[in-house]
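With our numbering as the guide, the letters of the sequence shown map in order to residues 27 to 107.
None of these hints come from the bench; they were simulated from the model. Yeah, the Cβ is synthetic: ideal placement off N, Cα and C, and Gly gets one too. Among the hints, a few may not be true.
Quick list of simulated restraints, FRET-style, between CB atoms [what the hints assert, rightly or not]:
{"#": "1", "residue 1": "Thr-31", "residue 2": "His-63", "range": "14 to 24 Å"}
{"#": "2", "residue 1": "Gly-62", "residue 2": "Ala-38", "range": "29 to 39 Å"}
{"#": "3", "residue 1": "Thr-31", "residue 2": "Ile-83", "range": "16 to 26 Å"}
{"#": "4", "residue 1": "Gly-102", "residue 2": "Glu-43", "range": "31 to 41 Å"}
{"#": "5", "residue 1": "Thr-56", "residue 2": "Leu-33", "range": "17 to 27 Å"}
{"#": "6", "residue 1": "Ala-37", "residue 2": "Arg-99", "range": "26 to 36 Å"}
{"#": "7", "residue 1": "Gly-103", "residue 2": "Gly-81", "range": "27 to 37 Å"}
{"#": "8", "residue 1": "Ala-42", "residue 2": "Gly-103", "range": "37 to 47 Å"}
{"#": "9", "residue 1": "Gly-54", "residue 2": "Gly-81", "range": "21 to 31 Å"}
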Amino acid sequence: MLANTGLIMQAADERAEAMSMFEAALAGLTATLGPGHPWMLGCALCTTGARNFNGRIADAVELGRDTARRAQRTLGGERPR
27 MLANTGLIMQ AADERAEAMS MFEAALAGLT ATLGPGHPWM LGCALCTTGA
77 RNFNGRIADA VELGRDTARR AQRTLGGERP R
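Working from the sequences, and respecting the hints, build out all of it.
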């Protein structure tokens, strides 16, 4: 829910609040579902995009690479595509 609300806040140009929602959603899903859960991976991708959108390029690259590695371990060698 927080990540979806973050997308709306980002579209409304409420960047700081959106970024806070993305980061909170990522932390919560990671703690609750684990780092390889598909929902967490989807949230991580949204957070990667938000970091990029907000000029946090190095953070976005780091999270994106980490998410791709986790997705490959969780979903198999053919993913993500």
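Structure versus earlier hints - violations, ascending order:
Hints that this structure does not satisfy do not exist here, as all of them hold.
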